[in-house]
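Q: Line by line, the protein sequences are chains A and B.
With my numbering as the guide, the letters of the first sequence map in order to residues 1 to 362.
With my numbering as the guide, the letters of the second sequence map in order to residues 1 to 104.
Treat the hints with care, since some could be wrong.
[What the hints assert, rightly or not] No more than 30 Å apart at the CA atoms, straight line, and that leaves these computed lysine-lysine pairs for BS3-like:
no. : chain 1 : residue 1 : chain 2 : residue 2
1   : A       : LYS153    : B       : LYS14
2   : B       : LYS14     : A       : LYS149
3   : A       : LYS153    : B       : LYS53
4   : B       : LYS13     : A       : LYS73
5   : A       : LYS149    : B       : LYS86
6   : A       : LYS153    : A       : LYS196
7   : A       : LYS73     : B       : LYS24
8   : A       : LYS207    : A       : LYS59
9   : A       : LYS48     : B       : LYS14
10  : A       : LYS59     : B       : LYS53
11  : B       : LYS24     : A       : LYS153
[Said to hold, decoys possible] From the derived model, a few chain A residues whose C-beta atoms are all more than 12 Å from chain B:
no. : residue
12  : VAL4
13  : PHE50
14  : GLN76
15  : GLU84
16  : ALA138
17  : THR141
18  : MET143
19  : LYS207
20  : VAL219
21  : ALA230
22  : ASP244
23  : LEU320
24  : HIS322
25  : ILE331
26  : ARG342
FYI, nobody ran anything at the bench for these hints, they're computed from the structure.
Even glycine gets a Cβ: it sits at the ideal position worked out from N, Cα and C.
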Amino acid sequence: MTHVELLIIGAGPAGLQAALSALEAGAHVTLIERSHVLGGQLSKQTHKFFGSQKQHASKRGIHIMTLLIDALKPYQDRLTIHLETHVVSFYHDYVVGCSQGDRYFKLHAKAIIVATGASEKALPFENNDLPGVYAAGAVQTLMNQYGVKPGHKVLMVGSGNIGLIVSYQLLQAGIEVVALVEAAAQISGYLVHASKLRRLGVPILTKTSIKGAQGEHSVTSATLWDVDDAWQGIPGSEQTVEVDTICISVGLSPLSDLLAQAGAKVTYINELGGFVPWVNQDYETTIPRVFACGDVTGIEEASSAMVEGQMVGLLAANQLGHVPEDLPTRIDALKAELKTLRMGPHAKKLRLGYAKMEGHHV
Amino acid sequence: MRIEHHPILTFSKKEPITFLYEGKPVQGFEGDTIASALHAAGVKALSQSIHLKRPRGFYCAIGNCASCNMVVNGIPNTRTCITPLKEGMVITHQTNLGVLYDPR
């Protein structure tokens, strides 16, 4: 078993930023990522970020990722990165088991930051398991990271920001978006993204949902139907669209299973996306020196994940005896940034979710 | 199925990689994952459901959902969506839960 100082699980926006903050403060960091590249969801986000300059607003996600990875370079002597490594066990005595190809190894850490992010939800409908039915973010990865088209004609289900942005990015890749359906009466993402789609002629059908998919080996069509105010399908309103790809964009679930396994208190908060770890105002879970940040603590934008990561990196380093300069001032400033990011009508649900958490965030 | 033109991204021609899919040689490119190379080659069904043997494609592309698991170089349950493609890889469909193997 190898002993490390600070272990960070997940190298997306939260994990990378946490690593950077902790390294700047003087900590030794071990970063574990199950993918073969760093960056998490930033690696395929070709859109420009909102927010303020502090959160790299107006830069594209892919460029923010490069900035973060480059910023780690001066700290190579204190940073160990394990790519293609899956954390498969997490014990309460700060030991994690890792699977890397044919190898299994254990790490013991003095402090652990869990930045595992989230996974996209599935949606129940007939034949929802057919090849061709993909999570919207997964299609974004296929296109923007690997340059592969998911298909030729796409139905997008869900009008959150991911659904809207990925629809636009499908068009950028030269793929037809036949329609975007939303069961609610109004779209849930930003109007600015929806407007871009409408200007390009993509129908946005509200109070409409998917009833089923058809196809023998993969999707060849989808049946849509109108839904009532209780989101129940209205028989007789069915219409069929010819598509070879159905993108599901109906929200994300925090990947909190590792924390549950370690014995940290985890609870279901619908507004935050599902099971989230209980954290105090310093993002420390119910296990001392085990922190959580980013989407695993509640589904938000990457901007918030980066601010949380910055904060948690500093706080974890501090607990390990690497006292960052001006710590209280910096933490206050970061908390203020988070508060700003969580203002506005779109974050109402999020605020409610965090209010439900005892000793809640900020 | 490859993106040729893109307003933001440039997909420069990369080194080709040849691998075996169900015994047949298939070409992917440097930077591909197994799943992206197969998808580009028109292979959408990667796994099958355990009981009803229904075809399954990838779903999450982050190595989380197990929908893309295949047998790669004899190793079952390989998450093809996050496994980089390598020259000469032998890739087959998995028809069971996966059996123990000796890595030596």
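Q: Work down the list of hints and note, for each, if the structure agrees.
A: Hints and how they fare:
1. Distance hint between LYS153(A) and LYS14(B) is fulfilled; the C-alpha atoms sit about 27 Å from each other, no more than 30 Å.
2. At roughly 17 Å between alpha-carbon atoms, LYS14(B) and LYS149(A) fall within 30 Å of each other, so this suggested pair holds.
3. Pair hint LYS153(A) plus LYS53(B) holds up; C-alpha atoms about 26 Å apart against a cutoff of 30 Å.
4. Only pairs whose Cα atoms come within 30 Å are accepted, and LYS13(B) paired with LYS73(A) is accepted, the gap being roughly 28 Å.
5. Between LYS149(A) and LYS86(B) the alpha-carbon distance is near 21 Å, which keeps this suggested pair within the 30 Å criterion.
6. About 19 Å separates the Cα atoms of LYS153(A) and LYS196(A), which keeps this hinted pair within 30 Å; it holds.
7. Straight-line distance between C-alpha atoms of LYS73(A) and LYS24(B) comes to about 42 Å, which puts the hinted pair past the 30 Å bound.
8. As the CA atoms of LYS207(A) and LYS59(A) are separated by approximately 34 Å, the hinted pair breaks the 30 Å bound.
9. Our distance criterion of 30 Å between C-alpha atoms is met by LYS48(A) and LYS14(B), whose separation comes to about 27 Å.
10. Between the alpha carbons of LYS59(A) and LYS53(B) the distance comes to roughly 45 Å, so the proposed pair goes past 30 Å and is violated.
11. Our distance criterion of 30 Å between C-alpha atoms is met by LYS24(B) and LYS153(A), whose separation comes to about 28 Å.
12. The claim that VAL4(A) is not at the interface with chain B holds, since no C-beta of that chain comes within 12 Å of its own (minimum 23 Å).
13. Every C-beta of chain B lies more than 12 Å from that of PHE50(A), the closest at about 17 Å, which supports listing it as non-interface.
14. At roughly 22 Å, the least C-beta separation between GLN76(A) and chain B is larger than 12 Å, which holds for a residue marked as non-interface.
15. With a closest Cβ-Cβ approach of about 7 Å to chain B, GLU84(A) is found to fall inside the 12 Å limit, against its non-interface label.
16. Look at ALA138(A): its CB is around 3 Å from the nearest CB on chain B, not clear of 12 Å, so calling it non-interface is violated.
17. A beta-carbon of chain B is positioned within 12 Å of the beta-carbon of THR141(A); the least distance is around 4 Å.
18. With a minimum CB-CB distance of about 6 Å to chain B, MET143(A) fails to clear the 12 Å threshold, and the non-interface call is violated.
19. For LYS207(A), the non-interface assignment is confirmed: its Cβ lies about 26 Å from the closest Cβ of chain B, beyond the 12 Å cut-off.
20. Non-interface call for VAL219(A) relative to chain B: violated, since the shortest CB-CB distance, roughly 9 Å, does not exceed 12 Å.
21. Against chain B, the non-interface label of ALA230(A) holds: every CB pair exceeds 12 Å, the least being about 28 Å.
22. Remark: the non-interface label on ASP244(A) conflicts with the geometry, its nearest Cβ contact in chain B lying 9 Å away (cut-off 12 Å).
23. Here LEU320(A) stays apart from chain B, with its beta-carbon at least about 29 Å from theirs, past the 12 Å limit.
24. Separation of HIS322(A) from chain B is adequate, the least Cβ-Cβ distance of about 31 Å exceeding the 12 Å criterion.
25. Distance to chain B confirms ILE331(A) as a non-interface residue, since its nearest Cβ pair spans about 30 Å, more than 12 Å.
26. With a least CB separation of 25 Å from chain B, ARG342(A) remains clear of the 12 Å interface cut-off, as annotated.
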